[in-house]
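Q: Here is how the chains run, residue by residue.
2 protein chains.
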Amino acid sequence: MSERDATDFARRRFVKGVGAALTVAPLMGDDAAAGSQMNDTFLKACRGAPVDYTPVWMMRQAGRYLPQYQKVLAQTDFLTAVRTPEIAAEITIQPVDIFGVDAAIFYSDITTVVVPMGMDLRYSDDKGPSYANPVRTPADADRLIVPDDPADGLSFVYEAQKICARELANRVPLIGFAGAPFTVCAYMVEGGPSHAFSTYRRLIFDERAAFTTLMDKVSQHTANYLKAQAAAGANALMLFDSNAGLLGPDDYESLNLPYVRRILAALKDTGVPLIYFGLGAHSSLAAIRDCGADVISIDYGLRLNEAVAQLGQNVSVQGNIEPYVLYDSKAEIRRRVAETLAAGKAARGHVFNLGHGVPRYSPVDNVKAMVDAVHELSQV
Amino acid sequence: MSERDATDFARRRFVKGVGAALTVAPLMGDDAAAGSQMNDTFLKACRGAPVDYTPVWMMRQAGRYLPQYQKVLAQTDFLTAVRTPEIAAEITIQPVDIFGVDAAIFYSDITTVVVPMGMDLRYSDDKGPSYANPVRTPADADRLIVPDDPADGLSFVYEAQKICARELANRVPLIGFAGAPFTVCAYMVEGGPSHAFSTYRRLIFDERAAFTTLMDKVSQHTANYLKAQAAAGANALMLFDSNAGLLGPDDYESLNLPYVRRILAALKDTGVPLIYFGLGAHSSLAAIRDCGADVISIDYGLRLNEAVAQLGQNVSVQGNIEPYVLYDSKAEIRRRVAETLAAGKAARGHVFNLGHGVPRYSPVDNVKAMVDAVHELSQV
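Chains as they are written, first to last, in our numbering: chain Y, 1 to 380; chain W, 1001 to 1380.
Don't read these hints as lab results, they were simulated from the structure.
In this text the structure is predicted, and so the values were computed from the model without any measurement.
You may find that some hints are simply not true.
Claimed, not checked - Only some residues are given here: those of chain W computed to face chain Y with a beta carbon under 10 Å:
id: 1; residue: H1195
id: 2; residue: H1282
id: 3; residue: Y1300
id: 4; residue: V1325
In this text, a Cβ means the ideal position worked out from N, Cα and C, and glycines have one as well.
Whole structure, please, built from the sequences with the hints as guidance.
A: Take a look at the structure:
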């Protein structure tokens, strides 16, 4: 499409463009909100409804590769950013302003949710988030509490989402999220970042009771947490299971997936689309298909067309371009976008995304080129 | 089988049993060697020939979970152990003595091979092996040399293998190995251990020429290195591609696998069975099938029966039990051994192994229980 068409296209989706003001824009009045229509292309694709083009957002789109994000984080620390509603909302909205993505993913961290359960979360610049009191024994698991009120200790999340929802009301949907319990428990057991997660994997096999208690409690709390996010204004909910590949397929299906199913079943009543991302669970698509999610997010380790063939027509797919191609040329990005769009065509619905998060030093103009290519090449 | 049968079975395979002397046993004279026959069950299974039972060995079977290994390493440091032929041979043979496994895997580290190319290898107890001069630019890749003589700087490997071959001549085969080039290059670029290998993955996409130069040189050197191992007495050769899952299937097949194929083609003349282990390359079995290996090693992320169905009858399989089940009960280990043996039956040949390395704190008696269960339950 011509430059003019592209500009109009972007304007229709209320994009402010690169270089948008860093401060949170003044809230729109009810009249303004009532006067325009949210771009719901993302929500339609999640449900398999017809769309005019393929919607796109990116995992970790609100993050360290953005100068605007770096500027915010230069003035505060990570946990303060996550826990201050105005800052979290501002960071959440940045990529919508900058790239014109079709959904905002709430800026937070999967480690915060279990603090009200009794986990002592710390942060250091070199190690990232860690817990000072990791779960290693049945007694440790027994001590954890499931708060009756999901707002206890987590109100900053819902406050931030209310700001986001208000700010985004006439633009794009907000995706709320949590880590899947298996992935959150991995960090609770390891205490900090880990390469092999060997302490966790050992506990699963030699302290099964502790593992089960832990998974039960975290699942219950996570379901409450996500319900509260929908109530606060999240228009879709996503479970990130970045450690799903730590178990082989049979163990994944008996020790991890049942908890995912339980949470998704509890969220059915919210009415918002549910997304599941099981990174590395390559051999369990037939089981994942029926986990209760509306959208299955596919990592870069699978061919999208093969995944679609296994998932069938009752779910939409999200993904799955190689994230590191963002370091390649714009021509190569465009070539791969076309390839991914072609593969996604066979699905009930396709939400374009990366196969994992945006790499840390991705050139901003390449991210923009990818988003633009998706919009341009997918128009019907 | 009865305890007596089991004892005889073990004796037939020249097992010394747990608690074998730590010092290298005195070398057998030629007469003694001539008087008995090597247990070649492993080699037969690699080639798809009939066997009396399923052979078993374990990745990282010579390692930190063994008190006998810890005792050796208490008296020396890691790099000295790897570089001293008598010590490397002693550690290589330990699990044959202790467990009666059907093959010895040479004790070494995949990082040492590229030192003669110009890499400055260091070791620290907390970080493990690392390079002080990582490859980050085309100039860095250009500077690396491919030694004409694979013995230059690596004679300790072949010396150790000669000792092993002599010591093991009437017992079990010796497996020589190297890291696959893609995996070795990952460490050369990162410089040290990494969780996400983000520097490497970036270089692959934004410095393609440097990546290609690096892969070319490492592949050429690795082929020479493995040929020399066969000449020194290795009875089989294995390529460990632990980082194969860092790329999606199409990139894996165009940027990694061609180098594996090139190396395996160069090793055909050695006449020894060739094994390839591509950890995480779950979507590329159809391509891996034709890579030139006699045996495809399958990680725990795939169901063995599904892998066998894709690999067909021109290759044998190795694997693939969940390694962390070694922390579970002996009954559960036995149950899973039976399951894995059943799945392996459909293959041309099956070498029992873990889906990845022996975990660091595995109970020695559970490792023994697994080896015994394989031997007992697989007898025809």
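Q: Was the hint right that V1325(W) lines chain Y, CB cutoff 10 Å?
A: With a minimum Cβ separation of about 6 Å from chain Y (threshold 10 Å), the hint on V1325(W) holds.
Q: Would the stated hint for H1195(W) survive a check requiring a Cβ distance to chain Y of less than 10 Å?
A: With a closest approach of 5 Å, the H1195(W) hint holds.
Q: Holds or violated: the hint that Y1300(W) contacts chain Y, with Cβ atoms closer than 10 Å.
A: This interface hint holds because 4 Å falls under the 10 Å limit.
Q: Min Cβ distance, H1282(W) to chain Y: is it shorter than 10 Å?
A: 4 Å, holds
Figure legend: structure checked against the earlier numbered hints; every hint is met.
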